[in-house]
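**Student:** From first to last, the protein sequence lines are chains A and F. With my numbering, letter number 207 in the first sequence gets 207, and the count goes up by one each step, no holes. When you read off a place in the second sequence, starting at 1, and then add 1000, the result is the number in my numbering.
Hint data in this document are derived by calculation from the structure and do not stem from the laboratory. On a predicted model such as this, the values are computed, not experimentally measured, just so you know. Where is the CB? At the ideal position from N, CA and C, for every residue including glycine. Accuracy of the hints is not assured; some may be wrong.
Unchecked claim - Where chain F lies over chain A, by a calculated footprint (3+ residues, C-beta under 8 Å):
1. 126 to 135
2. 169 to 178
Stated by the list, open to error - Which chain F residues stay away from chain A? Per the calculated CB distances, all over 12 Å, these:
3. D1086
4. G1137
5. K1198
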Amino acid sequence: MGGVFSTLMRKIKNGEFVITGEIEPEKTTNIGEILEAAAKLKGYVVAVNITDNPQGFAYMSGLLPSFLIQEVVGLEVIYQVTCRDRNRLAIFSDLLAAGSVGIRNILALTGDHVVLGDVPQGKPVFDLDAAQLVWMIRRMVDEGVDPAGNPIDNPPKFHVGVAANPNANPLEPEILKLERKVSVGAEFVQTQVVYDIEVAKRFLDDVSYLKVPIIIGICPLKSVKMAKWLDEKCPGISIPKDLMEELIRAKERGGKQAIWEVNIEYFGDFIRELRRTTRAAGVHVMAVGMEELIPPIIERAGLVKEAIDWRTYIVNKISKVILPQK
Amino acid sequence: MIITTQKPLEEILNYLRPYRKIFIIGCGTCATECQTGGEKQVQEMKEKLEKEGFEVVGTGMIESPCDERLTRKFIRAQRKNGRALDDAEAVLVLACGAGVQVVAELLDKPVFPGLNTHFIGKVERIGRFYERCRACGECVLGETGGICPVTQCAKGLLNGPCGGMADGKCEVGGWTRPCAWVLIYERLKAMGRLDLFKKFRPPRDYSRKAGPGEVVWR
């Protein structure tokens, strides 16, 4: 391992507290909307994750949006790769393509099982798992070879990250698994969503021995309904009681606007505290469809937006060049 | 044990409809144990087919139809003792897919399966069978506390658990079944062998599994 190939990694190495965002290509060919969503995050996040059929849903591939978001929007991406839908050959091919167009950050994931998604009849692949994907990427970058050891002409340059779940129960196998992934060359970690800052702090302490940058995942709560669904229906995720009560009170008081204010306050303070009191390398904000929440949250957290005055220009450029004619 | 279940009668009748004279073969090993192709089930199948207007010209049990030697011996004995097998227009085999294929390879007439073959598994009791082996050819049980991740992890991961684990349960099936990798962790921890848990296992070599499997050592 050597060299720094991306802004994300450069900032992490410089000890800057990084904010990453998330963009989800969906079941659509409206690439323009994806780029517009990314443009809303530009200046507020260092890089944006581009999901790969999240929850096993059959969506647009992340590769082309990743390329266009970097080229047209000018925002660095973290290209997510799961092992659910492609074998090692297919993933390797996509990674060569990604490397050829300047994609520099990869998040290596196992991926949710096909039966959780909206085309459950499909054959799950899992030729590799997340750790083996990290291993394969490291060999591509460090040794310049494919998974069988054949040489690559002009090998790609990637930084490879992995996921971890601070809410996992039991937690020890999760931590040991992370240790395994770091041992094969994972360079950064983005975690599952955490709502309880104490959970984040405990996890950061537990994995500090791994000496790997940890970016804590957060996800704003659009509504009381979403909060209750996550709390009750999503195993491993619990919403702190105080937050839930505040959301319910906000709903009664002022509807959506008041709920957004609760989010801005809660997550703004959450980030501020993480930044001031922990070793967290940053925060990963999963606010798909709630992009307009990111600026006020980041401002509340005391972080400064990078000066980008040409956002409108970009959106115009996108709509002229990329948006399909309707 | 190879775990089988009987096909729906309607499917069997569809196969057999073009023929009248049927010979039924059962399996004395796994299908007998599963109560899908034992003597009793062969007799019941005979009655069902006769009720549907077929003429069952003979029935017989092979100790293990998947063993070509035993199936050859059975066919020889049948021919020595009478003409039933040769008179039959079609043969129905109540055995796993391997058994059906061996019979089909040795007989010059239509051979049909009466069972669906599910997996290599554990018999808890009759009616409760659980998959335990994928016959991957690269057994890792020695490193995983005797619990097979290839079979018991829904994704067959060699480096689990995955992010779908919650409260020790697996995302597949809605967090009702145990996560194999949590079971492995608990077992290895109890054995004082978490070093094995942390070990990285590189991707499998599927080139060894290309095409139908062959084990030839003599």
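**Student:** Taking the hints in turn, state whether each one holds.
**Tutor:** Status of the hints after comparison with the structure:
no., hint, verdict
1, 126 to 135, "holds (count 8)"
2, 169 to 178, "holds (count 7)"
3, D1086, "holds, 43 Å"
4, G1137, "holds, 16 Å"
5, K1198, "violated, 5 Å"
The structure shown violates just one earlier hint, number 5.
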